[in-house]
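> Here the structure of chain A is known, so what remains is to put chain B in place on it, guided by the hints.
Number of protein chains: 2
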Amino acid sequence: MKIIIDAMGGDNAPHEIVKGAVDGLKSCKAEVVLVGRQDVIEQELAKYPDHDKSRITVVNATEVIDNNESPVFALRRKKDSSIVKALALVKGNDDAALISAGSTGALFAGGLLLCGRLKGIDRPALATTLPAKKGPTLLLDSGANVDSDVEHLVGFAVLGKAYMKTVFGIEDPTIGLINNGAEEKKGNNLTKAAHQALKNDPNLNFVGNVEPRYSYDNQADVLVCDGFAGNAILKTSEGIGMYIMGSLKDEIKSSKLAMLGALFMKKALKSLKNRFNYDYYGGAPLLGVDANIIKIHGSSKSSAVVYAMIQADKMMEGKVLSAIKQNVNEMAPQAEADQ
Amino acid sequence: MKIIIDAMGGDNAPHEIVKGAVDGLKSCKAEVVLVGRQDVIEQELAKYPDHDKSRITVVNATEVIDNNESPVFALRRKKDSSIVKALALVKGNDDAALISAGSTGALFAGGLLLCGRLKGIDRPALATTLPAKKGPTLLLDSGANVDSDVEHLVGFAVLGKAYMKTVFGIEDPTIGLINNGAEEKKGNNLTKAAHQALKNDPNLNFVGNVEPRYSYDNQADVLVCDGFAGNAILKTSEGIGMYIMGSLKDEIKSSKLAMLGALFMKKALKSLKNRFNYDYYGGAPLLGVDANIIKIHGSSKSSAVVYAMIQADKMMEGKVLSAIKQNVNEMAPQAEADQ
Numbered sequence: 002m003k004i005i006i007d008a009m010g011g012d013n014a015p016h017e018i019v020k021g022a023v024d025g026l027k028s029c030k031a032e033v034v035l036v037g038r039q040d041v042i043e044q045e046l047a048k049y050p051d052h053d054k055s056r057i058t059v060v061n062a063t064e065v066i067d068n069n070e071s072p073v074f075a076l077r078r079k080k081d082s083s084i085v086k087a088l089a090l091v092k093g094n095d096d097a098a099l100i101s102a103g104s105t106g107a108l109f110a111g112g113l114l115l116c117g118r119l120k121g122i123d124r125p126a127l128a129t130t131l132p133a134k135k136g137p138t139l140l141l142d143s144g145a146n147v148d149s150d151v152e153h154l155v156g157f158a159v160l161g162k163a164y165m166k167t168v169f170g171i172e173d174p175t176i177g178l179i180n181n182g183a184e185e186k187k188g189n190n191l192t193k194a195a196h197q198a199l200k201n202d203p204n205l206n207f208v209g210n211v212e213p214r215y216s217y218d219n220q221a222d223v224l225v226c227d228g229f230a231g232n233a234i235l236k237t238s239e240g241i242g243m244y245i246m247g248s249l250k251d252e253i254k255s256s257k258l259a260m261l262g263a264l265f266m267k268k269a270l271k272s273l274k275n276r277f278n279y280d281y282y283g284g285a286p287l288l289g290v291d292a293n294i295i296k297i298h299g300s301s302k303s304s305a306v307v308y309a310m311i312q313a314d315k316m317m318e319g320k321v322l323s324a325i326k327q328n329v330n331e332m333a334p335q336a337e338a339d340q
Numbered sequence: 002m003k004i005i006i007d008a009m010g011g012d013n014a015p016h017e018i019v020k021g022a023v024d025g026l027k028s029c030k031a032e033v034v035l036v037g038r039q040d041v042i043e044q045e046l047a048k049y050p051d052h053d054k055s056r057i058t059v060v061n062a063t064e065v066i067d068n069n070e071s072p073v074f075a076l077r078r079k080k081d082s083s084i085v086k087a088l089a090l091v092k093g094n095d096d097a098a099l100i101s102a103g104s105t106g107a108l109f110a111g112g113l114l115l116c117g118r119l120k121g122i123d124r125p126a127l128a129t130t131l132p133a134k135k136g137p138t139l140l141l142d143s144g145a146n147v148d149s150d151v152e153h154l155v156g157f158a159v160l161g162k163a164y165m166k167t168v169f170g171i172e173d174p175t176i177g178l179i180n181n182g183a184e185e186k187k188g189n190n191l192t193k194a195a196h197q198a199l200k201n202d203p204n205l206n207f208v209g210n211v212e213p214r215y216s217y218d219n220q221a222d223v224l225v226c227d228g229f230a231g232n233a234i235l236k237t238s239e240g241i242g243m244y245i246m247g248s249l250k251d252e253i254k255s256s257k258l259a260m261l262g263a264l265f266m267k268k269a270l271k272s273l274k275n276r277f278n279y280d281y282y283g284g285a286p287l288l289g290v291d292a293n294i295i296k297i298h299g300s301s302k303s304s305a306v307v308y309a310m311i312q313a314d315k316m317m318e319g320k321v322l323s324a325i326k327q328n329v330n331e332m333a334p335q336a337e338a339d340q
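These protein sequence lines are chains A and B, in that order. Position one of the first sequence corresponds to residue 2 (the working numbering), numbered consecutively onward. Position one of the second sequence corresponds to residue 2 (the working numbering), numbered consecutively onward.
Next comes chain A alone, as it looks inside the complex:
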């Protein structure tokens, strides 16, 4: 098993990415392949003389695709970019997984163009695991498809089901549809039609609409929505979380008594912070392409890399890619026949 890491992607690359790769060796079984500028990566690796050198190799890639480039154009032009080289290593391979903190657009376009879609799936989706109250909830699409139609949403449900079953061992994952009201007749044009399609699919354990207010209430194991709404839910959550924690800090700092209180509450506050650590369940897998691809936050630090490595290990051990292919084939015979 090999974890391929895009060493050049993200705001804190290569330092935090390489540090994470080294730290993560202790928590996972796979070997690690760092892709990027060899000289730069080796300089970083030299900072950790005690790491297990037998399990880390470097693949040289001289170019980098940044956020401001047109992904499709850049993928064609920059053949020696870390992302192009990394994708070649994971294509169609159950025993390899790519982790990247680089441009979402390039990763999405690259996954599609260089690895290919799975048969029966119209649109790959980014899936984010929310740290919900009683355990993980998968939200997809969380930002890759900002214009989605009914068939896409059903496809997201199929992918989400297969992922939750394989990675978290949930026998028959429940599916919820993100909507502005719980009632069946509520919604916009998309969700009203999607509700019926999900309800009528005999392969899906559909439990109905879920209001964004209850995204973290485990009303369903998988929450499907278009990428615009998914992005809004995810990013609002992160923004408000930071706002509340920041305000709590301000309030504590504003009084000596409160500062003393916070000292007594140190463990409780730390535990609270950990509870809302989105990195804990790993990064966002790009489901529906013929490769194990995990997108981590552009601002990822080394710990996010480590969590994603644990997730990659699990995905490979569970043969997620094959399992998803099998599930999709079983569940979407019509769509497959249409190809």
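For the record, the hints were derived by calculation from the structure and aren't laboratory data.
Below, in silico cross-link-like pairs of lysine-lysine (BS3-like), each with a Cα-Cα straight-line distance of 25 Å or less:
| hint | chain 1 | residue 1 | chain 2 | residue 2 |
| --- | --- | --- | --- | --- |
| 1 | B | K315 | B | K135 |
| 2 | B | K27 | B | K315 |
| 3 | B | K320 | B | K166 |
| 4 | A | K326 | A | K3 |
| 5 | A | K135 | A | K268 |
| 6 | B | K254 | A | K271 |
| 7 | A | K274 | B | K267 |
| 8 | A | K315 | A | K134 |
| 9 | A | K134 | B | K250 |
| 10 | B | K271 | A | K254 |
| 11 | B | K193 | A | K236 |
| 12 | A | K267 | B | K274 |
Over 12 Å on every C-beta distance to chain B, these chain A residues come out as not near it, computed from the model:
| hint | residue |
| --- | --- |
| 13 | R38 |
| 14 | L114 |
| 15 | L115 |
| 16 | T175 |
Heads up, the beta-carbon is just placed ideally off N, CA and C, and yes, glycines get one too.
Frame of chain A, contents of chain B only:
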């Protein structure tokens, strides 16, 4: 000036609504008219023998429209409902404002059917004031129009500008477009087109796209989006806020030391809670209809009624309705000519 209160609407009606009306008398100048079942309201009022009876009157209405009814049908059939009678009292009136915790659908449909749209505005919008970091930010539409087009979004900007100018005294309110990316070329079909329309409108102080993560960062005074996304942002905020505060409570309860710490932090924690009190800026005005209508949360307690009364006072004193009409006329001559 008269504040008309739907005494029968909401989960805690009539008790909390009538209590709020009585409490609110001290904080506002207007007279109060309670609309609903006279016997029930008078029973509630009798609980507060010391209230200023000269400033509260009751208008009898024997019927109630509930959340499960088709709004349009119910409005036509239930002529003696509190909402129908209340809307008649505020129609086209700068010196009257309606507060209701009842069904959003009935209020929206009633506002449209019984009070009428403002000339030049295609779709009225619910506007919610977010307790952002450095002061109020208006988010609209926050749930009334779940399918919106480009013209609707521009209309929301016009309405939001007029409201922020009149109620919060902001000279030339800045307008932001909620989007999944800050870059101009990013977005779904709706936001990409809306970006251009907002940018090209010489009457709008458009500052570009605002990502949901920064909804509370005062990047713009007015944030426009379709009602589905607006609902997602608002409800996710509320849900996550409750989740974090609930988790903090759990963490505190889990250790004696933390409980002691929390005692020292009592004031800071209370201040934190107040900072995220969505009721503080009042309810959500339904902008774009020919009446002052304020929707408060279905679960509103008396304090939410008081805050909405203060807001209603401000709206009447500032002649918001006339001001919005004037602003809309100045800004949308083309739309008006099209009517």
